[in-house]
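Make a model of the complete structure from these sequences and hints.
The chain contents come next:
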Amino acid sequence: MALLRWRRQGFGSPFSELERMRDYMDNVYSYLANGVNQLRKNYTGVFPLINLFEDDENLYLVAELAGVESQSLDVSVKNDTLTLKGSKLTQIDREGVTYHRRERESGSFNRSLTIPAKIESERVQAVFKNGVLTVTLPKAAEAKAHQIEVKNF
Amino acid sequence: MTVESQSQELNPREKRPLDLKGAESTSGEPRFSPLVDIWESDECLTVVADMPGVAADGLSVNLHENVLTILGKVAEESQGRKLLSQEFETGDYYRQFALSELIDQAKIKASMKDGVLILTLPKQAPAQPRKIEVVSE
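Those protein sequences? They're chains A and B, same order as listed.
Every position in the first sequence, counted from 1, becomes a number in the numbering used here once 1 is added.
Every position in the second sequence, counted from 1, becomes a number in the numbering used here once 23 is added.
Simulated from the structure, these hints should not be mistaken for lab results.
Among the hints, erroneous ones may be present.
As the list claims (entries may be wrong) - Using 20 Å as the maximum straight-line C-alpha spacing, the simulated DMTMM-like pairs for lysine to aspartate or glutamate come out as follows:
(1) K105(B) - D94(A)
(2) K145(A) - D57(A)
(3) K136(B) - D56(A)
(4) K105(B) - E58(A)
(5) K136(B) - E58(A)
To be verified - Facing chain B, a subset of chain A residues (Cβ under 7 Å, in silico):
(6) L50
(7) F54
(8) E65
(9) Y100
(10) H101
(11) E104
(12) L114
(13) T115
(14) A118
(15) F154
Given the structure is predicted, the values throughout are model-derived calculations rather than measurements.
Note that the Cβ used here is the ideal one computed from N, Cα and C, for glycine as well.
Listed below in C-alpha cells is the structure:
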C-alpha cells in the first residue's frame, strides 16, 4: 500500500495538481500490476521455475529439470543468494531419421534467488531425483520459530 | 562442463494442461501433456518425453490398436511442508499418439532416466504377401 502524502490544504501550489495526477497514475499502475500478478501467480520468466516449501527445520527449493545432466548441475550458496546453473542437451542431429515432433528444448540456465530466511549454508543438501532437483536449506537457529511461554501471574 | 555450441538460454515454459477434447477428468488434480521429441528411422520409432518427477515404477506405457498411451504418475513428496511460493504445478502426465506403422510389440523398450522417458518402438517387418489361390468349382 502506498503511503499517503501529507498535503497542506488551501495554499495552492502549482505542483499540487501534478502531484495529485501522479498519485492517481501510481494507483492505476499498482492496480494493473496486482491484476497481472494474480493471473500469473509468481511467474518470473526465468528458467527453471521454482517452488519453495518450508517446515520447522528446513526450507525446500524444488525445480523440475527433466533431461538436465546431473554433472552439469551447479548449485551454490553465497550469503543469502542461491544460484542454480546447468544445461540440457536434446537437439542432437541424428542422421537418417525423420523428426515428427521436436518440442523439447536445449540450452543452458542460470538463475539466482534470495533465500527468504537465515540458513546454515554449510549444511545445504541438493538431491537430483527423477529429473526433480530438491535443495534442502537448514534454517539457522535464529530463523526457527521459538515457542514463547506465556506466564500467568 | 557445458557444450560450447550450446549458447542458447532455456526459457521457462508453463506446462501444457491436458486437453481431453471435451472429456472431463473425474479427479480435480491437474494433469499435463508432456513435451516430446519423436523421430523415425528405418528400423524403429523413438519417443522421448520430459516427465519430471516420474519414477520408473510410476510409468505406464500401453499400445493398443495402434494407439500409444503414455501415463506417468508423479510421486508427491511435499507432504507436511508449507508452500511459500509456487511457480509451477505438479500433476500426472498423459499423452496418446496414433501410430501409423505396425510395431513389433514384443520388442518395445522403455527406459526412464532423470525424468526423461525414452521409448523405442521397433517396426514390424512388412508382412510377406501371400498368394491366395482361388479355386474355381
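- Query: What are the numbers of the hints that this structure violates, sorted from low to high?
  - Reply: 1, 3, 5, 12, 13, 14 and 15
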